[in-house]
Amino acid sequence: MIDLFLLKAALAGVIIAWVAAPLGCLVVWRRMAYFGDATGHAALLGVALALSLSMPPLIGVMVIAAGMALAVTFFTREGAFSTDTVLGVFAHSALAIGLVAAALLPNVRLNLIETLLGDILTVTNMEIWGIALGGAVILLVLALSWRGLLNATLSPELMAAEGGSLQRDKLIFTLSLALFVALSMKLVGILLITALLILPAAAAAPLSRSPERMVFFTALIGSLSVLGGLWMSWEADTPAGPSIIVVAAGIFALTALRPKP
Amino acid sequence: MLAAARGLLYFGAFHERTAMPETPLITAEGLTVKRGKRVLLDALDFEILPGEALTLIGPNGAGKTTLIRALIGMMPHSGSLIRRKGLRLGYTPQKLPLEQLIPMPVDRFVALSGERNRKKRREMLARCDAAALQDTQMTALSGGETQRVLLARALMRAPDLLILDEPTQGLDQLGEARFYALLAEIRAKSGVAIFMVSHDLHMVMAQSDRVICLNRHICCSGSPQKVAQDPSYQTLFGQRAGLAPYQHQHGEHCDHD
Chain W
0 MIDLFLLKAA
10 LAGVIIAWVA
20 APLGCLVVWR
30 RMAYFGDATG
40 HAALLGVALA
50 LSLSMPPLIG
60 VMVIAAGMAL
70 AVTFFTREGA
80 FSTDTVLGVF
90 AHSALAIGLV
100 AAALLPNVRL
110 NLIETLLGDI
120 LTVTNMEIWG
130 IALGGAVILL
140 VLALSWRGLL
150 NATLSPELMA
160 AEGGSLQRDK
170 LIFTLSLALF
180 VALSMKLVGI
190 LLITALLILP
200 AAAAAPLSRS
210 PERMVFFTAL
220 IGSLSVLGGL
230 WMSWEADTPA
240 GPSIIVVAAG
250 IFALTALRPK
260 P
Chain D
0 MLAAARGLLY
10 FGAFHERTAM
20 PETPLITAEG
30 LTVKRGKRVL
40 LDALDFEILP
50 GEALTLIGPN
60 GAGKTTLIRA
70 LIGMMPHSGS
80 LIRRKGLRLG
90 YTPQKLPLEQ
100 LIPMPVDRFV
110 ALSGERNRKK
120 RREMLARCDA
130 AALQDTQMTA
140 LSGGETQRVL
150 LARALMRAPD
160 LLILDEPTQG
170 LDQLGEARFY
180 ALLAEIRAKS
190 GVAIFMVSHD
200 LHMVMAQSDR
210 VICLNRHICC
220 SGSPQKVAQD
230 PSYQTLFGQR
240 AGLAPYQHQH
250 GEHCDHD
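Each protein sequence line maps, in turn, to chains W and D.
Each residue of the first sequence is one higher than the last, beginning at 0 in numbering that gives the first Met the number 0.
Each residue of the second sequence is one higher than the last, beginning at 0 in numbering that gives the first Met the number 0.
So here's chain D without its partners, still in its complex pose:
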């Protein structure tokens, strides 16, 4: 498994950075989101630490997207959600539902992050494996290309924390492996923390420092090994979930049945 092999590199990058404990980038205490009477997120307590790779998993309707929206400041909530002072956030949405009629070349899109220096934008696109795309229209990009461009834009702001909402959704296995390899590389160089929603348990187990399993409330959290052993995790994802990818809801393929 290429993805898993690359994951070792990704994993390795973490240990250098755990040596110095720092204040959390984000601290949530009793984070609750309600819509009408429905409770979407129920009193979440968690932290995102500098430099860590934290993955959010959970079934459909578990509130993963709601949590992301709360983190980026788009969701009214109760309880506390504190960002470290001066925290710089990078974010890549799951999809970019663009109107076909909006002409937007890739380089211009990256420039909209606020970066005026053309050379820096070009370097960042090159780092994200998207140098050849700079004059392509955003609406003409494939799913994988879109994610690389979104990543370049997010990194343009030199973030302390990258929030990625299912970045590999709709990619084939090669594209997925390429994307994770790219993330590992970027993380090794910049030490940026990553908070990622993923459906791909295989990747989660191989590449995350910590996992949060969400189903309205936090079912369990900790190292991938610890979470895989947790009864509530096994109820949600099945007995073999730690070993093989579970059945995806999005028509992605599984590598073995």
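Only chain W is shown next, with the shape it has when bound in the complex:
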């Protein structure tokens, strides 16, 4: 007999896996893994600030994550620092500031382990609706701007020459990522959000011959990881979030090492 809470967790997780698929592929194609980290780690500060102002954590996360993404974009624009350095500085500073803020801010009772590692098994009906709605928004926006996103990924110069707007593309990508971080914190926690984006996409790459097919395979592998991770968590009493990533890593190993046809 499978319990209701497990079904709810599976539903929320699978929705997140499908939303993660196009974003994860874009992150991999653009070599922006660290960017995901920076946005994800900023979320902790967002949660702490939102709680101290008695606002919903989701709003705090959105604002801080988006602010972080825009700040990184600004600092790397002039080329004074390499993107790699800026992202490293921002990602880890954000995490540290968030941890300090959580300890300092009055009236904040933040469950650190839950925020860092996720707690999908306690997902509420309200949260599932929130995840579904936010996810639908992300998927719709990405679908409508898909050609531009692909072109900007392939060659920003080519896109500019053909009259596309790089600013618009950047804004869509960053804000979608910020919203995604806010939605998926519950599933794997902020430490492993980048893993949720990258592992299924990397596992899908060797199986795919077109970008859209890679997104589809990424979604399948992501869903499989969520279900496998929840099963593992249920059977072996392991934390759900990390278990999901462990399964995804296993699938990555299988597709990466599979004999070439």
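These are calculated hints, taken from the structure and not from any lab test.
Keep in mind the model is a prediction, meaning the values are calculated, not measured.
Backbone N, C-alpha and C fix where the C-beta goes; we use that ideal spot for every residue, glycine too.
There's no promise every hint is true.
[What the hints assert, rightly or not] Some chain D residues near chain W, calculated using beta-carbon distances under 10 Å:
| id | residue |
| --- | --- |
| 1 | 67 |
| 2 | 90 |
| 3 | 113 |
[Stated by the list, open to error] Sample of chain D residues at the chain W side, in silico, Cβ under 7 Å:
| id | residue |
| --- | --- |
| 4 | 72 |
| 5 | 95 |
| 6 | 100 |
| 7 | 106 |
| 8 | 107 |
| 9 | 235 |
[Unchecked claim] What follows is a set of in silico ranges between Cβ atoms, one per label pair, in the way DEER data are often shown:
| id | chain 1 | residue 1 | chain 2 | residue 2 | range |
| --- | --- | --- | --- | --- | --- |
| 10 | D | 139 | W | 142 | 25 to 35 Å |
| 11 | D | 172 | W | 212 | 30 to 40 Å |
| 12 | D | 36 | W | 53 | 48 to 58 Å |
| 13 | D | 142 | W | 254 | 27 to 37 Å |
| 14 | W | 54 | D | 138 | 37 to 47 Å |
| 15 | W | 80 | D | 31 | 23 to 33 Å |
| 16 | W | 131 | D | 94 | 41 to 51 Å |
| 17 | D | 87 | W | 252 | 43 to 53 Å |
| 18 | W | 145 | D | 138 | 15 to 25 Å |
| 19 | W | 258 | D | 172 | 37 to 47 Å |
| 20 | W | 258 | D | 94 | 23 to 33 Å |
| 21 | W | 29 | D | 77 | 28 to 38 Å |
Fit chain D to the known structure of chain W by using the hints.
Positioned in the frame of chain W, the structure of chain D alone reads:
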């Protein structure tokens, strides 16, 4: 020289089109680009005319790539850079630094120009000598194949002006000759203007209608013959530069030393 022989065809195509003077495709006046205090481009004045083959030459660090980036609208600048109303631009980057993990068959890449008609895409790839590549992955293409596919994509938009950033870099001599022959053919058919960065002075002299020699500012410009005689050109490229390819910086071979 195959390339030079083909160049005559290329050159010939121009004269039919000079008969009717038209408004320039692009007019630059006092075009200046600065990064911090460094001046990358210093008050450039030039025009790109309909149907002409204009080649940009200059030493490394002369600002050629900066100028291209300004032309395609990616570089903040002062001074004026006016495009003719409704100008359609085709552009091929020097390289396409693709992440290995992005699966992208050639036909899909060309479709990303916005052309939905599969048959038209196939015809364009065939025109660019790349019909056999349509299902190949972009990451598996050689340098020459990549340039032909990039050209097909640029032409898909029926451009008035093609901007080519060192299209033959890294090609061997045969590949280079093939590429220029292809350009000549396309130009003869469509009358598209070409603005090209090139390191290959031999080609420049044989195939361009006009040459701009850039070294932060415009050193000299005009017909290839006129530029070759210009003292500032000879200082930059050496006395024999008009006759033989100068020493390339990119490990391309020279046909005679």
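Taking the hints in turn, this is what the structure says about them:
Satisfaction of the interface hint for residue 67/D is found here, the shortest Cβ-Cβ separation to chain W being roughly 8 Å, below the 10 Å cut-off. Given hint, residue 90/D at the interface with chain W, holds; its Cβ is 3 Å from that chain's nearest Cβ, closer than 10 Å. A distance limit of 10 Å between C-beta atoms decides the matter here; for residue 113/D the minimum to chain W is near 7 Å, and the interface restraint holds. The criterion of a C-beta within 7 Å of any C-beta in chain W is met by residue 72/D, whose closest approach is roughly 5 Å, and the hint holds.
A cut of 7 Å between beta carbons decides the hint on residue 95/D: the least distance to chain W is about 6 Å, and the hint holds. Interface hint at residue 100/D: satisfied, since its Cβ lies 4 Å from the closest Cβ of chain W, which is below the 7 Å cut-off. Nearest Cβ of chain W to the Cβ of residue 106/D: about 10 Å, over the 7 Å cut. The hint is violated. Checking residue 107/D against chain W: minimum C-beta separation of about 6 Å stays under 7 Å; hint holds.
The interface hint given for residue 235/D is violated, since its Cβ lies 26 Å from the closest Cβ of chain W, which is over the 7 Å cut-off. As the Cβ distance of residue 139/D to residue 142/W is approximately 28 Å, the hint placing it in 25 to 35 Å holds. About 39 Å separates the C-beta atoms of residue 172/D and residue 212/W, a value consistent with the hinted range of 30 to 40 Å. The hinted range of 48 to 58 Å is satisfied by residue 36/D and residue 53/W, whose Cβ atoms lie roughly 50 Å apart.
With their beta carbons about 30 Å apart, residue 142/D and residue 254/W fall inside the hinted range of 27 to 37 Å. The hinted range of 37 to 47 Å is satisfied by residue 54/W and residue 138/D, whose Cβ atoms lie roughly 46 Å apart. The hinted window of 23 to 33 Å between residue 80/W and residue 31/D holds, with their beta carbons roughly 26 Å apart. Between residue 131/W and residue 94/D, the C-beta spacing of about 42 Å keeps the proposed range 41 to 51 Å intact.
Checked against the hint of 43 to 53 Å, the pair residue 87/D and residue 252/W passes, with Cβ atoms roughly 48 Å apart. For residue 145/W and residue 138/D, the hinted distance range of 15 to 25 Å is satisfied, since their beta carbons lie about 20 Å from each other. About 40 Å separates the C-beta atoms of residue 258/W and residue 172/D, a value consistent with the hinted range of 37 to 47 Å. Restraint check, residue 258/W to residue 94/D: a C-beta distance of roughly 32 Å satisfies the suggested window 23 to 33 Å.
At about 31 Å, the CB distance of residue 29/W to residue 77/D agrees with the hint of 28 to 38 Å.
Going down the numbered hints, you'll see the structure goes against 7 and 9, while the others check out.
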